[in-house]
Amino acid sequence: MNNISDDINKDLKDQPKFTEDIGSKNQEHHTFEQGEQSILKKIQHFLHGNPTIVPVIILILSVIAFGFIAGGRFFSAFNLSLIVQQVTIVGILAAAQTLIILTAGIDLSVAAMMVLASVFMGKLSVEMGMPTLPAIAIGFISGIATGAFNGLLVTRLRLPPFIVTLGTWNIFFALVIFFTGSQSIRSSDIEVNAPLLHFWGERINLGGFVFTYGAFLMIAIFIFLWFLLNKTAWGRHVYAIGDDKEAAELSGIRTDRMLVSIYAVAGLVVAIGAWVSIGRVGSVSPTSFYEGNLDSITAVVIGGTSLFGGRGTIIGSLFGALIVGVFSSGLSIAGLDVLWQRFALGCLIIIAVGIDQWIRKVSN
Amino acid sequence: MEPVLVAKSLSKKYGTVVALESADLELYPGEVLGVIGDNGAGKSTLIKVLCGAVIPDSGDILLDGKKVSFTSPIEARTLGIETVYQNLALSPALSITDNMFLGREIRQKGFLGKFMRFLDQKAMAEEARKRLSDLGLLTIQNINQLVETLSGGQRQGVAVARATSFGTKVVIMDEPTAALGVKESRRVLELIGEVRARGIPIILISHNMPHVFEVADRIHIHRLGTRLCVIDPKKYEMSDAVAFMTGAKAAPLSN
Chain A
1 MNNISDDINK
11 DLKDQPKFTE
21 DIGSKNQEHH
31 TFEQGEQSIL
41 KKIQHFLHGN
51 PTIVPVIILI
61 LSVIAFGFIA
71 GGRFFSAFNL
81 SLIVQQVTIV
91 GILAAAQTLI
101 ILTAGIDLSV
111 AAMMVLASVF
121 MGKLSVEMGM
131 PTLPAIAIGF
141 ISGIATGAFN
151 GLLVTRLRLP
161 PFIVTLGTWN
171 IFFALVIFFT
181 GSQSIRSSDI
191 EVNAPLLHFW
201 GERINLGGFV
211 FTYGAFLMIA
221 IFIFLWFLLN
231 KTAWGRHVYA
241 IGDDKEAAEL
251 SGIRTDRMLV
261 SIYAVAGLVV
271 AIGAWVSIGR
281 VGSVSPTSFY
291 EGNLDSITAV
301 VIGGTSLFGG
311 RGTIIGSLFG
321 ALIVGVFSSG
331 LSIAGLDVLW
341 QRFALGCLII
351 IAVGIDQWIR
361 KVSN
Chain B
1 MEPVLVAKSL
11 SKKYGTVVAL
21 ESADLELYPG
31 EVLGVIGDNG
41 AGKSTLIKVL
51 CGAVIPDSGD
61 ILLDGKKVSF
71 TSPIEARTLG
81 IETVYQNLAL
91 SPALSITDNM
101 FLGREIRQKG
111 FLGKFMRFLD
121 QKAMAEEARK
131 RLSDLGLLTI
141 QNINQLVETL
151 SGGQRQGVAV
161 ARATSFGTKV
171 VIMDEPTAAL
181 GVKESRRVLE
191 LIGEVRARGI
201 PIILISHNMP
211 HVFEVADRIH
221 IHRLGTRLCV
231 IDPKKYEMSD
241 AVAFMTGAKA
251 APLSN
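Line by line, the protein sequences give chains A and B.
Okay, so the first sequence: first residue is 1 according to my numbering, each after it adds one.
Okay, so the second sequence: first residue is 1 according to my numbering, each after it adds one.
Calculated from the structure, these hints are not laboratory results.
Mixed in with the good hints, there may be bad ones.
[Claimed, not checked] Restricting the straight-line Cα-Cα distance to at most 20 angstroms, the calculated cross-link-like pairs of lysine-lysine (PhoX-like) are:
1. A:LYS231 / B:LYS109
2. B:LYS8 / B:LYS66
3. B:LYS8 / B:LYS122
4. B:LYS169 / A:LYS231
5. B:LYS66 / B:LYS169
6. B:LYS48 / B:LYS8
7. B:LYS67 / B:LYS8
8. B:LYS130 / B:LYS114
9. A:LYS231 / B:LYS114
Given the structure is predicted, the values throughout are model-derived calculations rather than measurements.
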């Protein structure tokens, strides 16, 4: 017995002792080890701290490039404002999508949710004689409910958001067909019975630039969400959950409740988009915006938000949507086939995710 | 002197495996209590029970002499038992300030705070700066720096600053030096001294015998699911502690 403990004793005595000068080192400050850094590393760090810079640069470069390629027609006030009009709906969907992607989720059902909400608004006010405002309110409730439904499935059943929303995308789409019987609600009927539904499609001319009210609403939504994400605890918690859900939980955030609320807020934003979409398209068509789900994800990803959650900015998604708009407009004015627009968009997505991965390496 | 935190005959079984068998623990005001034990001795179950992550089958926990029970780390935290986890539970993509106040944010006064629920970012940054400099950590130049840009020791500092900031009665630190180099470990040991100097008692779980012997006032030795003995590090050698821990030597009678 004694021999064993003597041996251990000897071993431990050889270890360095750490008992000296606890107090005296307190004054010595930890210096921040930066050292020599290559220019590339500096760029990487800078982009890491300012994730919105990438989409801004791409936007500016693509505007300049298309100015050269497509000439003056691209820069005309009419065309530039048309781009903004065209990205309004995808922009609003992208705003909602950003909230979900920041939590490391993904929502494949946003466009179906939007069409469902617009069907409620149109059906109730145009065909069932309900006053327009209550009909719009029910559309909003539909958006919140469908969003919260996604959130409940994600948190209660612990299913991946991808699977949940792949399912609900089909469910919502089926509901749309069920409620409409595949019939569109015509623009002329809306104009007669519920002109308020067309409100956001009204245009205003500012020195040659023609904007719809909807475009302003889109900007307002982005600003509002920016404040929400950056100035409120709710917003900080969105990032915390996407960054590290367990750490967020241990910090006292009720992550499940938060997630449901995030999906519900996204649903409300989508429902506002539904109202705007009626103004933009004119009619309510059950089969419209079929590609809106993926387009919104494209805008968010190009806007510099990481699909792995916790990183990105809401304003980046606005730039992402504008970049997509600039590309399609520029390429079509330059006379290129639609297939090349898709081709360019595809390259853009891969480049954007590649840049994101590269920037994320900073933390390792 | 009355102990701040008392655990009385805690038991916990996982199926047929006994992790804790009527284990006791006392933590006195202003002390650092080292908890050591061989692998599988049940010390991590003991700590998980104290921080709320595991619910014991039987036994009591008393905080300031009053019986308490909690079913989650959050509930334990609201009662004043803060835990610095081995993985620190920080959000790397958020700033130091955001992390320190995560889940306990300060809102602005008046309309902006009450109805718009705006955060008082200035007040939080100031408070965070104060906490860090109280602990001698204010070398981090920018309080709004992201946590992922900090070194391992600095992150530990942020986690400790957070754990000691909100009316804390007890801090539990789980293997705080396990992932750190020599220099950073030094800093964390100093940090433990700083926290003790501010009157907050600490339970320190560590495998690193020299570290425990350096900072602990008393050392709780856990063996076979229960407390074997509590020793004074000034009266015993590390080798004795290891011998008690492994059963190579009979434990001294507890006083």
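Evaluated hints:
no.	hint	in the structure
1	A:LYS231 / B:LYS109	holds (14 angstroms)
2	B:LYS8 / B:LYS66	holds (12 angstroms)
3	B:LYS8 / B:LYS122	violated (44 angstroms)
4	B:LYS169 / A:LYS231	violated (31 angstroms)
5	B:LYS66 / B:LYS169	holds (13 angstroms)
6	B:LYS48 / B:LYS8	holds (15 angstroms)
7	B:LYS67 / B:LYS8	holds (10 angstroms)
8	B:LYS130 / B:LYS114	violated (25 angstroms)
9	A:LYS231 / B:LYS114	holds (13 angstroms)
Comparing the model with each earlier hint shows violations of hints 3, 4, 8; every other hint is respected.
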